[in-house]
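*Asks:* Full structure from sequences and hints, please.
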Amino acid sequence: MRPADILRFARDAAAGYPLRTTLSVLAMAIGVAAVVLLTALGDGARRYVVGQFSSLGTNLVIVLPGRTGTGGFNPATAITSTPRDLTIADAQALLRAPAVRRVGPLAVGTSEISAGGRLREVMVAGANRDFFAIRNFELAQGEALPDDDWQRAAPVAVIGAKVQEELFGREPALGRLVRVGDRRLRVIGILRPTGQGLGMNTDELVVVPVALAQAMFNSNTLRILVEARSREAIPAASAQVLELLKQRHRGEEDVTVITQDAVLATFDKLLGALTLAVAGIAAISLAVAGILVMNVMLVAVTQRTGEIGLLKALGAPARTIRLAFLTEAAMLSASGALVGYGLGEAGAFALRQLFPVFPAYPPDWAVIAGLLTALSTGLLFGFLPARRAARLDPVQALMKH
Amino acid sequence: MALIELAGIERRFQLGDTTVKALAGIDLTIDAGEYVAVMGPSGSGKSTLLNLLGLLDRPDIGHYRLEGRDVTTLSADEQAKVRSTRIGFVFQSFHLVPRLTAAENIALPMMLAGIAPAERARRVATALKDFGLDQRADHKPDQLSGGQRQRVAIARATIMQPPLILADEPTGNLDRHTGEDVVNLLEALNARGVTLIIVTHDPGMGERARRRLVMEDGRLQSDSAGAPC
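Residue numbers (the working numbering), protein chains in the order written: chain V, 1 to 401; chain C, 1 to 229.
Quick caveat, the hints were computed from the structure, so don't treat them as lab data. Idealized CB from N, CA, C, for every residue including glycine.
Label-pair restraints from in silico Cβ distances: (1) V:284 / C:77: 31 to 41 Å; (2) V:350 / C:137: 43 to 53 Å; (3) C:187 / V:11: 31 to 41 Å.
*Replies:* Spelled out as C-alpha cells, the structure:
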C-alpha cells in the first residue's frame, strides 16, 4: 500500500467516527495545552523575578549592616556584639576599592510630604547622585541629586510620578517647595513612572540627599549599593568591600555582603525546578491521554473486525493492517498535540493580555517535549491495538459483520 | 489444466472436548474456467472448503496446489499476495466498507496492492460502466440497494482480474429478481474464462452450474463431474 493511501485510509477511518475521534483528540489536546500553559506560567514567573532583579541594577553588590542577613542566626553574634553602623564615611571609603565603579548609600524611612495644603505619607530614600545610575532610575523632568559632598544635606528632593501628580496635579512641580517631615525642600527632579516593581515602588518615592535623610530619621546606619566594574568583577568587588569594611571596623566582620548574582541564581534555580515539576505534573495528563487513545483504538479494532477480515481477504498483509491502525493512532495524537499546542499558546497569549508585566511564554524545551511525548505515547499505546488488528483470524473476523 | 488440486485435505476444529472434522479427506481437482456449485446442508463443511480454497484458512493435513503451486506451505504474507492477485471473493453480506463510496470500495484491492492512483481511476471507471454503476460511483453503501451493493462487491472481486472467483451464498441476502441479476453477472464472468466456485443452498442455482459438488459431514458425497449429464 502506498504511504499516501495509508494516510488517506487512516484519516477516513478516523473521520468515520467523529465523536470518538473528537474526544480522543480533545483529551490529547488538553494534555498538551496543560504542558504548554503551565510551563508558560512557571517560566513566566521565573522571567518575571529575574527581570525584577535585573531592574534593581546590574552588577550589584549590596552591603547590609550586621552579620545576620544571611547564613542563619549565630548565637555568638547575639552575645558579643551589636552590629556597628554603616556610615556615610564607610560608603565613601568603598570608592577606593579597584573593582568598584559606583557606590550608592541608602537610608530609608517613611515621612509625610505636603505642598499646597495637600499631604500624604511617602517613603523617603536618602541617596546620592550615583544611586540613580545604579538603580536605573530615570528622570521625567529636572535632574537627579547634586553630585557634591555626601555629608552635605542640601534641601532638595526628587519626587516620584505619583507623588507629583497627587500633590501638584497638572501644575508644574519643578522648583516648587514641599515640606517633608519638618523640612522645606525644593523639587529638582521628577522620576519617570515605572509601576510596581520588586522592592521599592519608585512612583511613590521621594529621594533626598543621604545626609538629610539621616538627619530626618535621626539614624546613622545605611545600606550601601555597590556597582562592580563588570559582571566578572562582582566576586572581587564583594571581597574588596568586605576587606575594606573589616579594616574600618577594627577587624570585625560585622557586615553582610549580598551579590545580586547569588540571589538571582537561587531564584532562577528555584523557579526553574518549579517549572520542571509543573511540566511533570502536566505530562501525567499526556499519559492519560495516551491511554485514552489506546482505548479508542481498541474499540476501533473491535468495531471494525469485519473490515479487517475483509482487508485480509482482499490481500492486505499483516504489516499493512498494522501500519493503517498505527497511522490512525498517530494521527489522533498528532492532531491532538497540534490543537493542544494552539490552545496552550492561546491561553498564554490571553494571560499576557491580562497581566502585561508577566512574560508567560512557554519555553521551547517544554513545547518540544510536550509534542514529542504526545506523539510517542500515541504511537506506543497505538501499537497494541494495531498488533491485535493485524493478528485477527480472517475467517473469524469475516463472520463478525 | 488443473487450476485447483486438493489432495487428502483434512480440517479439524476443537469444540470443547470433542474434535470435529469440518473437512475429512477431500480430494478434488478443478480445471481453469469451470463453473462449480458447492452444495450441502449447514455444517457440511462447504464454507470451510471455500475458506480453504481462498487461503483464509489452512488445512491440518493434505496439500492444496493452486495453478500448480503448493500454497499450503506459503507464509501468511505470501498467501496474502496470492489472495490479492489470484482470488476474488464475493460474500453473502457484501462486506463493503461503509465509509467508502462505491468507487472507493471497488478500488480497495488495488489500493492495498499499491497500484498507482491514475491506473486505479481508469480501471474503476471501466468497472463501474461494466456493472451498470456509473450513476452510483459516489454513493456510500447505505445509499445503494442490495443488488447494487452486490454488484459493487463483484466489481471489487474482479478488479484485480483474478482467474478464480469464490462466492459464498452471493444471493443469500437478495430477492429472487436481483439474485438472478447477480448470478447472470457471475456467469458472464465465467463465460469470459474466470473459474467460478459458488457455495449455495439454493438448488435452482446449483442446477445452473455445470458441475455440482454435494458435501455432507465434511466429505464429498457426490460430484457431477464424470457422471453422465
